[in-house]
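A.B. asks: Can you make the complete structure from the sequences, with help from the hints?
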Amino acid sequence: MATSVGNTGEVSAQYQLLNPIIQVLAAIRATPVDQLRSEIDNVGLPGSTLSSQEVVAVLVTLESETGIDPADPDILKDCEIQTIEQLLAFIQSRMEAAP
Amino acid sequence: MTVLVSGNTVSHAWLAAVRHLQDTASGQCSNLAVSMRNPTTEDAAIRRELDTFIRASRPRHPIPKIETVAGTIFPAAFYRPAAADPQRHLYEWEAKIRAVVRKHPENRHGTYFERLVAYPGKNDETFNQLHHILERLRSAAAHGWRHANFYELAVFHAERDSYPVGFPCLSHISVTLVDGRLDATALYRNQFFVARAYGNFVGLGLLLSFLAIESGFELGELLCVASHAKLEYDTYTKRAVHSLISACESKSKESP
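So the sequence lines, in the order shown, correspond to chains E and W.
Counting from 181, one number per residue, gives the positions in the first sequence under our numbering.
Counting from 4, one number per residue, gives the positions in the second sequence under our numbering.
Just so you know, the hints here were simulated from the structure itself, not pulled from any lab data.
A virtual CB, placed ideally from N, CA and C, is assigned to each residue, including glycine.
Only true hints are included.
Label-pair distances were calculated between CB atoms; the ranges are:
id: 1; chain 1: E; residue 1: Q196; chain 2: W; residue 2: R242; range: 47 to 55 Å
id: 2; chain 1: W; residue 1: R40; chain 2: E; residue 2: E219; range: 28 to 36 Å
id: 3; chain 1: W; residue 1: T5; chain 2: E; residue 2: P226; range: 44 to 52 Å
id: 4; chain 1: W; residue 1: K99; chain 2: E; residue 2: G247; range: 13 to 21 Å
id: 5; chain 1: E; residue 1: P226; chain 2: W; residue 2: S33; range: 44 to 52 Å
id: 6; chain 1: E; residue 1: A269; chain 2: W; residue 2: G169; range: 29 to 37 Å
id: 7; chain 1: E; residue 1: E245; chain 2: W; residue 2: H134; range: 26 to 34 Å
Taking lysine to aspartate or glutamate pairs in the DMTMM-like style, the calculated list, with each CA pair at most 25 Å apart, reads:
id: 8; chain 1: W; residue 1: K99; chain 2: E; residue 2: D252
id: 9; chain 1: W; residue 1: K68; chain 2: E; residue 2: E260
id: 10; chain 1: W; residue 1: K99; chain 2: E; residue 2: E245
id: 11; chain 1: W; residue 1: K99; chain 2: E; residue 2: D249
id: 12; chain 1: W; residue 1: K106; chain 2: E; residue 2: E245
id: 13; chain 1: W; residue 1: K254; chain 2: W; residue 2: D26
id: 14; chain 1: W; residue 1: K106; chain 2: E; residue 2: D249
id: 15; chain 1: W; residue 1: K106; chain 2: W; residue 2: E162
id: 16; chain 1: W; residue 1: K241; chain 2: W; residue 2: D26
id: 17; chain 1: W; residue 1: K68; chain 2: W; residue 2: D237
id: 18; chain 1: W; residue 1: K68; chain 2: E; residue 2: E265
id: 19; chain 1: W; residue 1: K68; chain 2: W; residue 2: E252
id: 20; chain 1: W; residue 1: K99; chain 2: E; residue 2: E260
id: 21; chain 1: W; residue 1: K106; chain 2: E; residue 2: E243
id: 22; chain 1: W; residue 1: K68; chain 2: W; residue 2: D54
id: 23; chain 1: W; residue 1: K241; chain 2: W; residue 2: E252
id: 24; chain 1: W; residue 1: K68; chain 2: E; residue 2: D249
id: 25; chain 1: W; residue 1: K99; chain 2: E; residue 2: E265
id: 26; chain 1: W; residue 1: K99; chain 2: W; residue 2: D127
id: 27; chain 1: W; residue 1: K68; chain 2: W; residue 2: E45
C.D. replies: What follows is the structure in structure tokens.
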């Protein structure tokens with residue numbers, strides 16, 4: 181799983197973020213966590229497409245954990261985040277930018 | 004003058020409508036009725052052409068993606084027919100993101116789906132119209148009814164909606180049960196056929212499909228009436244809009 185997240189030293193940090201995202205996505209999709217994990221494993225992260233509604237729902241649910249404002253205009257301006265990989269990158273960039 | 008155009012799919016009905024508007028002097032008309040026999044079916048080639056046009060609209064005159072427009076009528080990402088309680092699942096997740104969605108300037112007055120599940124009443128009370136008509140449809144199914152016509156969904160709110168432009172363009176949706184099949188009619192006071200109509204049709208088709216699946220009735224047809232219909236030449240230019248229509252026509256798998 182971790183190897184499909186990235187190929188640098190950031191793997192570990194991304195993997196820490198991936199778990200809660202999978203939990204929230206599983207709840208949104210009414211899917212068991214294990215099933216979602218294996219779906220992501222099967223297609224690889226970029227193929228796991230997300231709708232803008234799902235992205236907002238994940239960020240709303242993770243808000244307290246990540247400190248990211250889910251109403252960030254970058255997300256809401258017709259959300260361009262469409263894969264779990266892009267979502268992870270977005271969260272990580274905001275966390276790194278935070279003081 | 005009233006005109007009725009139709010198509011087997013969302014794509015072909017939309018194409019017939021924009022062709023009609025193209026033939027008018029100003030790219031607009033009143034009372035344009037668009038009928039879709041299969042409101043959850045699309046022609047992938049036409050959809051691709053429109054998606055390409057939408058992508059090319061950025062950053063100058065950005066058009067929202069078709070899924071985004073459709074999601075304001077029915078947030079399909081939250082409807083999971085296999086969930087233990089599909090309606091509750093849908094209502095709860097949409098409610099969870101509502102405050103965030105409203106922060107987008109174009110959603111500041113809410114979304115169409117919000118009006119369907121939380122129509123504003125007095126003293127800040129809201130009414131879930133969608134659940135109400137779904138319960139009525141289930142009751143009809145339980146009684147073996149195959150004909151009924153009291154499934155109405157209001158979007159326009161006479162006290163709140165005094166804006167000359169913007170939300171809500173969709174005013175009302177009427178669902179009818181005929182021969183065990185669910186048909187719907189939607190009324191728009193104003194409809195933009197380049198930036199919005201296709202997504203509107205997709206969203207309405209998904210909404211009707213939700214009602215059909217959850218009530219057990221057959222999915223029927225969708226009729227969408229625009230009191231005012233317009234091709235947005237002023238925003239995207241006449242040349243670009245006509246070029247889009249030609250590209251869609253050349254890819255269409257259905258004869259005009």
